[in-house]
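J.: Here is what each chain is made of, one letter per residue.
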Amino acid sequence: MLFQDLGYPWYLATLMAFFVYAGTAQFMIIGLLAAGVSLTEIAMATFLINSRHLFYGLSMLNNYGNWGLRKVYLAFGLTDETYSLVTTINPEDNAKKERQYFLITALNHSYWVISCTLGAVIGESFNVHTQGMEFTLTALFIVLVIEQWKKIKRLLPFVIAIISSAVALYLFAEQMLLSSIALSVTLLITNNLIKKLHE
Amino acid sequence: MSNTEYILTVVLVMTIATFATRITPFIFFRNHSQHPTMRYIAKYMPPMIMSILVVYVLKDIDLTADTGLYTVAAVLLTVTVHLWKSNPLLSILSGTLLYMFLLQM
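Protein chains in written order, with numbering that gives the first Met the number 0: chain P, 0 to 198; chain H, 0 to 104.
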């Protein structure tokens, strides 16, 4: 839809959804294309806007075993939504785990490709009845926070998250997501170091 | 470069840049996954990130506008339904339907 306004064909949305598979970056590129920036700048902007995924991978090191090509696909598909889901489920045995992680990643990926394509093909008329549907994402994250609380029952990560997002919102409103994640990881590691020193 | 070639190059560049952010930790830290600090991070990071994502999706709500109040109502309903029934699909559906209803009314 947005790409067509710039004179690009509808299947560009499908290609982007399939290969790039990153909502914020796909949204950002519209502005960059309209502004006519260089390929190097596009690469840098995409990397920066998605750099929070560096942290997601970091915390999945133990869970994603040595599964070869599948693991590469799991890493490729580690988006905000996929990360939320794979860290909430808790499969018992390893074979089941591999299958479930793979299914979640592949299903999320296909939903994304389908919805981006539908959005591009059907265009603005599609918006009338689905107005407000974006709340599913908010609701999903809320449900996952509650589930995480049930699992971990420790205030620490939640307190760190609130402090970091407040500081990030105040200081770096434009880059809130990345800066609050970076800040919270720093606080978490510092806290761990202090704890070790006391032992 | 024609327009089609250009746009395909853009897709390629973005694919590589995005994939780089997702594969890097697996390449550089694969031998450190049992390190105590890494395990500590892996344990506490999911709840931390989830909470940050909630703040992120709610940060732009305007409490003085109607849509802001709709969001608050939908969030409250989602939380209540989830604490009551512990059924993720039900919680997400009820919150979203309330929000869509209020917004389109």
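Incorrect hints may appear among the rest.
[Claimed, not checked] Pairs of lysine-lysine, DSBU-like flavour, derived with a Cα cap of 35 Å:
#1 H:Lys84 / H:Lys42
#2 H:Lys58 / P:Lys152
#3 P:Lys150 / P:Lys70
#4 P:Lys96 / P:Lys150
#5 P:Lys195 / H:Lys84
#6 P:Lys152 / H:Lys84
#7 P:Lys195 / P:Lys152
#8 H:Lys84 / P:Lys149
#9 P:Lys195 / P:Lys70
#10 P:Lys95 / P:Lys149
#11 H:Lys42 / P:Lys149
#12 P:Lys70 / H:Lys58
#13 H:Lys84 / H:Lys58
#14 P:Lys152 / P:Lys70
#15 H:Lys58 / P:Lys150
#16 H:Lys42 / P:Lys70
#17 P:Lys150 / H:Lys84
#18 H:Lys42 / P:Lys95
#19 H:Lys58 / P:Lys194
Calculated from the structure, these hints are not laboratory results.
J.: For every hint, state whether the structure bears it out.
T.: Hints versus structure:
Taking the CA atoms of H:Lys84 and H:Lys42, the gap is near 26 Å; set against the 35 Å cutoff, the hint holds. As the CA atoms of H:Lys58 and P:Lys152 are separated by approximately 25 Å, the hinted pair is consistent with the 35 Å bound. With a C-alpha separation of about 25 Å, the suggested pairing of P:Lys150 with P:Lys70 holds against the 35 Å cut-off. For the hint pairing P:Lys96 with P:Lys150, the CA-to-CA distance comes to about 18 Å; that is within 35 Å, so the pair holds.
For the given pair, P:Lys195 sits about 40 Å from H:Lys84 by alpha-carbon distance, which is inconsistent with the 35 Å threshold. Annotation: proposed proximity of P:Lys152 to H:Lys84 holds, straight-line Cα distance about 19 Å (limit 35 Å). Taking the CA atoms of P:Lys195 and P:Lys152, the gap is near 21 Å; set against the 35 Å cutoff, the hint holds. The straight-line distance between the Cα atoms of H:Lys84 and P:Lys149 is roughly 14 Å, inside the 35 Å bound, and the hint therefore holds.
For the proposed pair P:Lys195 and P:Lys70, the alpha carbon gap of about 33 Å is at most 35 Å, so the pair holds. As the CA atoms of P:Lys95 and P:Lys149 are separated by approximately 23 Å, the hinted pair is consistent with the 35 Å bound. Note on H:Lys42 and P:Lys149: the hinted pairing holds, with a Cα-Cα distance of about 14 Å set against a maximum of 35 Å. The straight-line distance between the Cα atoms of P:Lys70 and H:Lys58 is roughly 34 Å, inside the 35 Å bound, and the hint therefore holds.
The suggested pairing of H:Lys84 with H:Lys58 holds, with an alpha-carbon distance near 27 Å, which does not exceed 35 Å. Proximity of P:Lys152 to P:Lys70 is assessed by CA-CA distance (about 30 Å); at most 35 Å being required, the pair is judged to hold. Simply put, H:Lys58 and P:Lys150 have alpha-carbon atoms about 26 Å apart, close enough for the 35 Å limit, and the pair holds. At most 35 Å may separate the alpha-carbon atoms for a hinted pair to count; H:Lys42 and P:Lys70 meet this at roughly 20 Å.
The hinted pair formed by P:Lys150 and H:Lys84 meets the criterion: a straight-line CA distance of about 16 Å does not exceed 35 Å. About 21 Å separates the Cα atoms of H:Lys42 and P:Lys95, which keeps this hinted pair within 35 Å; it holds. For the hint pairing H:Lys58 with P:Lys194, the CA-to-CA distance comes to about 32 Å; that is within 35 Å, so the pair holds.
Hint check: a violation occurs at hint 5 only; the rest are consistent with the structure.
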